[in-house]
Every structure is written in C-alpha cells, then in structure tokens.
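As numbered in numbering that gives the first Met the number 0, the sequence shown has no gaps in its residue numbers, which increase by one up to the final residue, 191.
Derived from the structure by calculation, the hints contain no laboratory data.
The model shown is predicted, which means the values in this text are computed figures rather than measured ones.
Beta carbons: idealized from backbone N, C-alpha and C, even for Gly.
Warning: the hint list may mix true and false statements.
To be verified - 27 Å max Cα-Cα, derived DSS-like pairs, lysine-lysine:
| no. | residue 1 | residue 2 |
| --- | --- | --- |
| 1 | LYS115 | LYS164 |
| 2 | LYS16 | LYS52 |
| 3 | LYS164 | LYS99 |
| 4 | LYS80 | LYS54 |
| 5 | LYS50 | LYS33 |
| 6 | LYS115 | LYS139 |
| 7 | LYS99 | LYS80 |
What the hints assert, rightly or not - Across the chosen pairs, the derived CB separations fall in these ranges:
| no. | residue 1 | residue 2 | range |
| --- | --- | --- | --- |
| 8 | LYS73 | GLY140 | 30 to 36 Å |
| 9 | ASP136 | LYS52 | 36 to 42 Å |
| 10 | GLY148 | GLY190 | 33 to 39 Å |
| 11 | GLU48 | GLY148 | 31 to 37 Å |
| 12 | ALA153 | LYS52 | 33 to 39 Å |
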Amino acid sequence: MNKFLIVGLGNIGDEYKHTRHNIGFDVVSAFVLKHGGFFRADRLADVAEVKWKGKTFICIKPTTFMNLSGKAFKYWMDKEKIELAATLTIVDDLAISLNKLRLRGSGSDAGHNGLKDIQLTLGTDQYPKLRFGIGNDFPKGRQVDFVLGKWTSAESPVVQQKIEKCVEIIESFASIGIERTMNLTNNLVFGQ
0 MNKFLIVGLG
10 NIGDEYKHTR
20 HNIGFDVVSA
30 FVLKHGGFFR
40 ADRLADVAEV
50 KWKGKTFICI
60 KPTTFMNLSG
70 KAFKYWMDKE
80 KIELAATLTI
90 VDDLAISLNK
100 LRLRGSGSDA
110 GHNGLKDIQL
120 TLGTDQYPKL
130 RFGIGNDFPK
140 GRQVDFVLGK
150 WTSAESPVVQ
160 QKIEKCVEII
170 ESFASIGIER
180 TMNLTNNLVF
190 GQ
C-alpha cells in the first residue's frame with residue numbers, strides 16, 4: 000500500500016481547539032506540520048496531502064462535527080480510492096489512562112460518537128484505530144465537561160510526548176504495517 004487516509008477526529012470551532020476530544024485533530028495537524036504540508040478547506044473536511052518515503056497520506060480533519068465523522072471518512076476514502084486497511088483513525092479514549100496509547104486493527108466504538116458514526120456509515124468496525132488515552136479523572140456526572148475541557152498544565156507534557164509518538168506511529172503504520180506497529184506501541188507508558 001502506498002496511499003493512506005489519516006483521519007483525526009474532533010469538533011470544529013474555536014471553543015473545541017486543543018480539548019481532550021479534539022486530540023485527533025491535534026495529532027493529524029502535528030503529522031502534517033512535520034512533513035511540510037498544509038490544510039485546505041475542502042468537501043466535508045480540512046484536507047492535507049503529504050508525501051513521505053514514496054507514500055501518499057491524505058490527512059483529514061472532518062468539518063462535520065464529531066457525530067457525523069463517518070460521512071467525511073467515507074467520502075475521502077472513496078474519492079481517493081484508499082483501502083479500508085490503509086486508513087488510520089485517531090481518537091480520544093476515556094477508558095485508557097493518560098499515559099497510554101492503543102493501536103488496533105479493528106474493534107468497537109466503545110461508546111465514542113465519532114467512531115459510532117464511522118462504523119454505522121461503513122457497516123463494519125474492521126478498520127484501524129489509534130486510541131489516545133485521556134483518562135477518566137472527573138467527578139461523577141462531569142464527563143462532558145472533562146472530555147470537552149482543555150488539558151491541565153500537569154497533563155500537557157505527557158500529551159505533547161504522546162502527540163510526537165503518534166506521528167511516529169503513523170509513519171510506522173505506513174512503513175511496517177499494523178501488526179508490527181502494534182507490538183511497538185501498545186506497551187508504551189508515557190510520562191515516567
């Protein structure tokens with residue numbers, strides 16, 4: 000495979016910038032920046048095309064809002080003729096602690112509305128996902144505030160370290176495949 004679709008999930012609008020729920024946007028932005036690309040507004044998403052080591056990456060940040068992410072995902076996958084196995088979706092995950100990342104070739108939406116919509120649109124959960132652990136350190140009934148909140152100053156160094164690692168994971172996924180990349184990723188612990 001030489002062409003990949005990298006999908007960062009998040010919500011559009013200044014009030015959502017750099018929140019926990021928008022970490023997918025931040026990771027994809029960091030990847031594009033590292034490789035000298037830039038985003039343009041296009042159909043259903045902000046889109047950047049990046050070339051690296053003979054591979055092409057179509058990177059999208061859907062402008063459909065989180066709950067309708069599937070529409071942008073499917074449109075760009077079809078338009079660019081990219082196989083489902085050559086897609087990677089980056090998403091926040093409450094069930095994973097802040098010091099962890101989890102890469103999987105398939106798996107449920109785990110209650111995440113963006114993944115739920117992608118799964119509904121595609122009719123399958125058999126597509127690669129990179130889950131960025133955000134932890135669940137919030138009082139009962141405050142989940143929405145936590146997810147839509149900004150990182151604390153204590154969390155920020157770990158988040159930055161993980162964003163940089165996610166950029167490497169995208170490169171690794173495209174170079175050596177998901178299985179080997181999973182072996183290198185899923186046991187990492189950050190912030191130690």
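Results of checking the hints against the structure:
no. : hint                        : result
1   : LYS115 x LYS164             : holds (26 Å)
2   : LYS16 x LYS52               : violated (31 Å)
3   : LYS164 x LYS99              : holds (11 Å)
4   : LYS80 x LYS54               : holds (14 Å)
5   : LYS50 x LYS33               : holds (11 Å)
6   : LYS115 x LYS139             : holds (23 Å)
7   : LYS99 x LYS80               : violated (32 Å)
8   : LYS73 x GLY140: 30 to 36 Å  : holds (35 Å)
9   : ASP136 x LYS52: 36 to 42 Å  : holds (39 Å)
10  : GLY148 x GLY190: 33 to 39 Å : violated (19 Å)
11  : GLU48 x GLY148: 31 to 37 Å  : holds (32 Å)
12  : ALA153 x LYS52: 33 to 39 Å  : holds (36 Å)
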